[in-house]
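**Student:** Once you've looked at the hints, go ahead and assemble the two chains, each given alone in its own frame, into the complex.
Chains as they are written, first to last, in the numbering used here: chain A, 1 to 338; chain B, 1001 to 1210.
Treat the hints with care, since some could be wrong.
[Unchecked claim] EDC-like mimics (lysine to aspartate or glutamate), calculated; alpha carbons at most 16 Å apart, straight line:
1. Lys-1017/B with Asp-232/A
2. Lys-167/A with Glu-103/A
3. Lys-201/A with Asp-182/A
4. Lys-260/A with Asp-235/A
5. Lys-1015/B with Glu-146/A
6. Lys-1034/B with Glu-1055/B
7. Lys-1157/B with Asp-277/A
8. Lys-85/A with Glu-170/A
9. Lys-1205/B with Glu-1183/B
10. Lys-1017/B with Glu-146/A
11. Lys-201/A with Asp-232/A
12. Lys-260/A with Glu-213/A
[What the hints assert, rightly or not] To list a few chain B residues with every Cβ distance to chain A over 12 Å, as calculated:
13. Glu-1029
14. Asn-1117
15. Leu-1148
16. Thr-1152
Since the hints were derived computationally from the structure, they do not count as laboratory data.
Keep in mind that this is a model prediction, so the values were computed, not measured.
Beta carbons are placed, not taken as given, at the ideal position from N, Cα and C, and that holds for glycine.
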Amino acid sequence: MALTPKQNYLNAINHKETERTPVFPVDCAGSGFGAFPGPWFEKGPMGGGYDGFGVRWITPASGGGAPIPAPNEYILDSETVANWKNIVKFPDLEAVDWKAMAEAEFQMMPFDREQTALEFGCGNGVFERLAALMGFEEALISLLEEPEACYELMEAITDYKIEFAKKVKEFYNPDIFNNYDDIATERGLFMSPDTYRKLIKPHHKRLCAAVRELGMIPIQHTCGLCESLIEDIIDTGAAAWSSVQPINDIVRLQKEYGDKIAIIGGYNSNGAPGRVDAPMEVMLAEVHRCLDTYGQYPSYVIFPFVTVNSLNPNDMLAVMKPLLGEAVKYSHELGRKK
Amino acid sequence: MAKIDEVKAMVEAGKSKLVPGLVQEALDEGSAAKDILQAMVNSMGVVGDRFSTGEIFVPEMLMAAKAMAKGVDVLKPLMAGDNTNSLGTCIIGTIAGDLHDIGKNLVSMMIKSAGFNMVDLGVDVPVTKWVEAIKENPNVTLVACSGLLTTTMPAMKEAVQTIKGSGLTGFKIIVGGAPLTQEYANEIGADGFAPDAGSAAVKAKELVTA
Chain A
1 MALTPKQNYL NAINHKETER TPVFPVDCAG SGFGAFPGPW FEKGPMGGGY
51 DGFGVRWITP ASGGGAPIPA PNEYILDSET VANWKNIVKF PDLEAVDWKA
101 MAEAEFQMMP FDREQTALEF GCGNGVFERL AALMGFEEAL ISLLEEPEAC
151 YELMEAITDY KIEFAKKVKE FYNPDIFNNY DDIATERGLF MSPDTYRKLI
201 KPHHKRLCAA VRELGMIPIQ HTCGLCESLI EDIIDTGAAA WSSVQPINDI
251 VRLQKEYGDK IAIIGGYNSN GAPGRVDAPM EVMLAEVHRC LDTYGQYPSY
301 VIFPFVTVNS LNPNDMLAVM KPLLGEAVKY SHELGRKK
Chain B
1001 MAKIDEVKAM VEAGKSKLVP GLVQEALDEG SAAKDILQAM VNSMGVVGDR
1051 FSTGEIFVPE MLMAAKAMAK GVDVLKPLMA GDNTNSLGTC IIGTIAGDLH
1101 DIGKNLVSMM IKSAGFNMVD LGVDVPVTKW VEAIKENPNV TLVACSGLLT
1151 TTMPAMKEAV QTIKGSGLTG FKIIVGGAPL TQEYANEIGA DGFAPDAGSA
1201 AVKAKELVTA
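Isolated chain B, as found in the complex (with noise of 0.2 Å):
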């Protein structure tokens, strides 16, 4: 098995020790940086469906991540500036009011496997803290709405309404969390919508790249 097999079979095992000399391994045989990038990414998709049809759980899911996050450790002083694996910026937030984050950090982690650069917000995000993070940072695809709590979803519905009267333009928005739905979602002018962290992944890059 080439070595670049071996990385993606690990990271989706969660192998986070192995990885590490895996891709050195794979980069000594030759393999390019931004291809063992993909290998990972594409590992992470696996994971993701694996964990949206229930086959692996949260547990399994973040130690495939931790796997990638040590993979590309090592590629990093290598890919310094090049930008071509990615999808752009995801701006993430738990929405205002919601302290709550074990959601928002694992769509987090999944949209980062995903392959976009994630500027988090944290939690209890002021509606106008999304706009400036949207100005501050470049290259913005994407900005992701999370939210648990029933008593939130009406600012999550102001968020994403004064993002899209912000009149700043390039991205599209996803929400999500467990009282939401697709007819939330739209309700409320959300270009996205994601029940679970590994769908969150894929509904994101169809929203990019479409």
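The shape of chain A in the complex, shown without the other chains (with noise of 0.2 Å):
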């Protein structure tokens, strides 16, 4: 009997067989970070402005709206962090009308569930909320001069996030929970493995047992090259690794790891394929690349993706809808080959 579009997303997150590779975010929708802003306390409203823990979000065009941290606006520094417990407050998830929420993402992308599965990003991992607080130089200094500092606060903000997932499942009740944590750049690692394993490393973990508890399959989704600690990611419990670079040796890593993670990604967004004057040709040549490269292997979810330079949806919807229909129809024309 033939796969759903869902069975077979899930199929391949969880290493069964599938029937072609699944295409995210077609097989699979989006909600919270990632499809849009996300809940405002994260990272602003839609738009840009304050989020609970009060840290200002902008929306530049050029990042096609994605949210930032207003620059040089932050509430910590590494000489203010041991006083994190007087300066840090956390938004109250109690107050939050959840059930409205989630009622207007599903209206404004519906979707079938029996047909689809369900992703919910949850922007600002432990990390990334450090970085939020205080600015990108002081939070990697901070874990150099004030580890114990930063890992009671990264602990708080992991207990935070298992009481944000516990509304997730109530509320939005998705298959699968993608902890949105960049540790990595084009270039590599932000901190050194040994200090991402002292200090992050056990809190991703707690937030993926928590997640798993709760019924859903946690996912982890970092940029960059990255691949130097896919044993740390592994072992943090994380079904797949989102949004994986080709500067990460991708092959690599289905062949040595692909029984143990999937892996979600491979389209060349930062190189020619990604560029705003790429020809169209260009960006279908790199989803057939991606397929035809990646897609040989089991365990593998193609992910598109380009940063158009608009603040209008239509816009990145009229370069993403072609790139999306071709996967989709390649994936269906290659079929799953043994």
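**Tutor:** Below is the structure:
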């Protein structure tokens, strides 16, 4: 019997048999951050503004409207982080109208739960939240100068995230909970593997365990050259690593770890296929490259993504639609080659 | 070990609390301020190389830069008006439309450590502001344009070509950022490209002293 797109998608994540390479976000709908800016108390309201921690977010067109913390408006630094308990205020999750928030999202992006999986993107993982509170430089200095304070603060953030995940389960009931926490750049990790393992990984692991306990599949999002931590990401319990960019040796990862972790991504959004002047044939060829190269391995989900210099969602759709359409079409053509 | 060598080692190790005292001790021992400064510059060269090869990471690099900055604070009163160690003024900023500053800040820190006086234009720098800044600042030897996003690469091209077309001379232009490559830098007419903050400092010195 043919699998539904949802079954096919979740089979890929769970290392079961699939009929073709699944496509995100077609076979799996997105909610929360990624699909939208996400809950206002995490990255500010749509169009920018203050989140529930007191951090102001802006949404430049150059990033396609994706929110970033307003530069130089931070509420902590490496001198004050030891006093974080008196400075950092957490949002009151009980005061949020979760029902209304979820309903509004589902109205904007309706989907069939029988046919399509659902992912909830939880922005601002522990390191990203640290950087949102302090700026990157002070956050990175603090990891070295005040490791105990940073660990405690990230532990408190994880406690909050677990309560957040409970609400997500209750009001969104997604199949997948994606912990967005960029810990690397195009060139490499922000921090040493040792610093990550001591200060950040334990929190990722605890959140993954809590998400599983709640009946959702935990996945880890991080952009950048992060392959040196693949065994750690697996150890945290993440079922997949999302947005794996080809700066990583994806084929090697698939060969060596493909039975332990699913790979979502592959599209070269920082290279020629991601440029604003990239011809459509170059972008479509990149979709084919991903499916031809990575799609021959199981537990791979293609995720074409290009940033568009616009705040109009229709401009983003105009670029993404042909890419996603081609991904679905070619994925069906290829099927599941043994 | 001579105190100046201890200064060098502690800057490399990022010991910002120890460096000011050691700098004073090196001065007391008879080392010239400009020699101590050069020792710290050399330390940051080592730090930059270690960063570029992946031996150390951004936090360690930041700590070393912080240590050097604390050491320079001790030397400043003694070196006021002395530009012997200076490689000139570097104008740096993130390109128009791009509000990311981490890459620019790291490169600025490393280029400053290499011996440049920095003028930081911030983020989202309009094309015209680059030219104004070059005119307004003395002894500009380098212009460094940073960009993180593929969507602002056209703005990078416009900035470089506007600066080149301004008729102003005496400086080189270096570009960098996640989506950039040497090929793109060549395509838009930049004089240099660096893939990371450590090699940016090396390239900056190379461009200016060639």
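**Student:** Give a verdict on every hint.
**Tutor:** Outcome of the hint check:
1. Lys-1017/B with Asp-232/A: It is violated: about 33 Å lies between the C-alpha atoms, which goes past 16 Å.
2. Lys-167/A with Glu-103/A: 14 Å, holds
3. Lys-201/A with Asp-182/A: 13 Å, holds
4. Lys-260/A with Asp-235/A: 10 Å, holds
5. Lys-1015/B with Glu-146/A: 14 Å, holds
6. Lys-1034/B with Glu-1055/B: 29 Å, violated
7. Lys-1157/B with Asp-277/A: Measuring from Cα to Cα gives roughly 13 Å; hence the hint holds.
8. Lys-85/A with Glu-170/A: Violated - the C-alpha atoms of Glu-170/A and Lys-85/A are around 29 Å apart, more than 16 Å.
9. Lys-1205/B with Glu-1183/B: 21 Å, violated
10. Lys-1017/B with Glu-146/A: Distance of about 14 Å is within 16 Å: holds.
11. Lys-201/A with Asp-232/A: Roughly 8 Å separates the two Cα atoms, so the pair holds.
12. Lys-260/A with Glu-213/A: Judged against 16 Å, a Cα distance of about 19 Å means the pair is violated.
13. Glu-1029: At about 29 Å from chain A, Glu-1029/B clears the 12 Å cut-off, so the statement holds.
14. Asn-1117: 20 Å, holds
15. Leu-1148: Nearest chain A Cβ is 9 Å from Leu-1148/B, so the label is violated.
16. Thr-1152: Given a closest Cβ separation of 5 Å, the condition is violated.
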